[in-house]
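**Q** Next come the chains, spelled out residue by residue.
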Amino acid sequence: MRAAVLSGKGGTGKTFVAVNLAAAAGKSVYIDCDVEEPNGRVFFKPEGVNTETVYSLLPQFDAQCCTGCRKCVDFCHFNALAYIKNKPMIFQDVCHSCGGCLLVCPENAVSEIKRPVGIVEHGHSSGVQVVTGVLNVGEASAVPVIKAALEKGKELDDNTTVIDCPPGSSCSVMESVNEADYCVLVVESTAFGFHNFRMVYELVRLLGKPCGVVLNKKDVPYEPLESFCRENSLEILAEIPYSEKLAELAANGKIAAEHDEQAREIFVQLLNRIGGELE
Amino acid sequence: MKIAVPVDENKKDVCVSFGRAPLFLIYDCDTKGIEYKENPAASAQGGAGPKAAQFVADSNADVLITVRCGENAGEVLKAAEIKIYKAEGCSAEENIKLFEENKLAQLTQFHAGFHGHQ
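Chains A and B, in that order, are what the protein sequence lines are.
Going left to right, the first sequence walks through residues 1 to 279 as the numbering used here numbers them.
Going left to right, the second sequence walks through residues 1 to 118 as the numbering used here numbers them.
Keep in mind the hints are simulated off the structure, nothing from the lab.
Just so it is clear, CB atoms sit at the ideal spot from N, CA and C, and this is done for glycine as well.
Any given hint could turn out to be false.
As the list claims (entries may be wrong) - Pair by pair, the computed Cβ-Cβ distance ranges are:
1. A:Asn136 / B:Asp62: 34 to 44 angstroms
2. A:Cys69 / B:Lys103: 51 to 61 angstroms
3. B:Lys86 / A:Asn136: 41 to 51 angstroms
4. A:Leu102 / B:Asp8: 33 to 43 angstroms
5. B:Gly89 / A:Asp181: 53 to 63 angstroms
6. B:Lys86 / A:Glu244: 52 to 62 angstroms
7. B:Glu71 / A:Ala63: 20 to 30 angstroms
8. B:Glu71 / A:Gly48: 41 to 51 angstroms
Said to hold, decoys possible - A short, non-exhaustive set of chain A residues, derived as facing chain B with CB atoms under 7 angstroms:
9. Ala80
10. Ile84
11. Tyr182
Just need the whole structure built from these sequences, with the hints factored in.
**A** Have a look at this one:
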């Protein structure tokens with residue numbers, strides 16, 4: 001079972017839920033796809049870490065072979081290419097490395113070079129295999145690193161895989177949930193939390209993923225959110241109370257499910273409800 | 001010499017966006033002829049700046065008058081040796097007049113792309 005943990009708003013508790021879910025499973029794979037700020041490793045403190053570089057492909061043009069037919073410029077759906085004064089130009093941040101320009105060039109004037117864009121770390125923490133994608137600072141697209149992290153996770157394939165997604169509902173989130181069997185939507189019971197939650201809910205519906213809700217840091221109910229869940233037959237899988245103790249454990253880099261019996265109970269139940277295996 | 005100006009659908013006002021302007025006004029200083037061309041980048045999903053800049057370069061413009069311009073589009077225009085001037089808050093035609101009287105300043109600030117988050 002591959003469960004993706006996501007939330008619209010940052011700071012809602014995706015990493016908290018994902019880390020605890022993987023820890024509660026005992027034997028599992030945890031993949032941190034929040035590659036711009038991967039924090040799962042802060043809790044797991046993985047050992048025996050191996051690092052692999054992730055590359056992205058960037059087209060290069062051979063001016064000698066290029067005849068200026070502009071087939072590549074016309075083909076590029078992302079408009080990453082221009083042809084000015086008999087010279088092709090490429091915009092690295094706009095390019096999606098699709099390789100289309102290379103395919104359509106009749107003169108074989110296009111080749112691709114590998115450009116490092118980040119790394120994937122792999123280590124273990126008790127029974128949890130910890131995979132962490134880390135995007136280089138300043139890179140425009142997180143997708144190649146997310147893809148590589150998910151690929152690495154697949155190699156380690158275990159019965160339970162937990163994918164910690166980036167915040168928001170953009171391309172990087174779509175990539176992260178793409179191959180998940182189930183989506184856990186973490187929501188804060190606030191107007192802001194509810195607003196962004198609806199955006200991710202729309203996304204997972206579009207992708208046809210089964211999903212359920214975890215209310216995190218809940219003290220008083222936020223009625224619009226709860227009636228939205230009722231109206232859309234969205235199951236509330238777990239409620240995590242607003243608790244100073246849990247916050248303190250997290251702030252100290254500790255995994256709540258390993259130090260707090262009540263938290264452990266919540267995550268074991270959550271795991272059961274989404275069909276994960278307990279070892 | 002030809003001057004390009006991104007304009008709104010009313011063909012009068014200078015469009016605040018360069019890459020996503022619906023039309024370009026192309027003015028020929030020698031023949032005094034005015035042409036309006038649809039901007040093929042107006043509804044591009046991404047890379048509207050470079051695509052619009054390529055279009056302006058292909059229109060053989062020597063000068064662009066615009067409110068603002070992104071970094072990528074700026075690079076294309078620079079490579080095409082098109083001079084970029086900052087539009088004043090009046091109509092496209094008045095801006096062309098100001099340019100011909102040497103009253104427009106060159107655009108020196110290029111913004112990073114908005115990528116749909118204006």
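**Q** Each hint: holds or not?
**A** Consistency of the hints with the structure:
1. A:Asn136 / B:Asp62: 34 to 44 angstroms: holds (40 angstroms)
2. A:Cys69 / B:Lys103: 51 to 61 angstroms: With a Cβ separation near 42 angstroms, Cys69 of chain A and Lys103 of chain B fall outside 51 to 61 angstroms, so the hint is violated.
3. B:Lys86 / A:Asn136: 41 to 51 angstroms: Distance hint for Lys86 of chain B, Asn136 of chain A is violated at roughly 35 angstroms.
4. A:Leu102 / B:Asp8: 33 to 43 angstroms: Taking Cβ atoms as reference, Leu102 of chain A and Asp8 of chain B lie about 39 angstroms apart, which means the hint holds.
5. B:Gly89 / A:Asp181: 53 to 63 angstroms: With Cβ atoms ~56 angstroms apart, the hint holds.
6. B:Lys86 / A:Glu244: 52 to 62 angstroms: With a Cβ separation near 55 angstroms, Lys86 of chain B and Glu244 of chain A satisfy 52 to 62 angstroms, so the hint holds.
7. B:Glu71 / A:Ala63: 20 to 30 angstroms: Because 24 angstroms falls inside the window, the suggested range holds.
8. B:Glu71 / A:Gly48: 41 to 51 angstroms: holds (43 angstroms)
9. Ala80: At about 6 angstroms, which falls below the 7 angstroms cut-off, the nearest Cβ of chain B leaves the hint on Ala80 of chain A intact, so it holds.
10. Ile84: At 4 angstroms from the nearest chain B Cβ, Ile84 of chain A passes the 7 angstroms test, so the hint holds.
11. Tyr182: violated (30 angstroms)
The structure fails hints 2, 3 and 11 (numbered hints given earlier, in ascending order).
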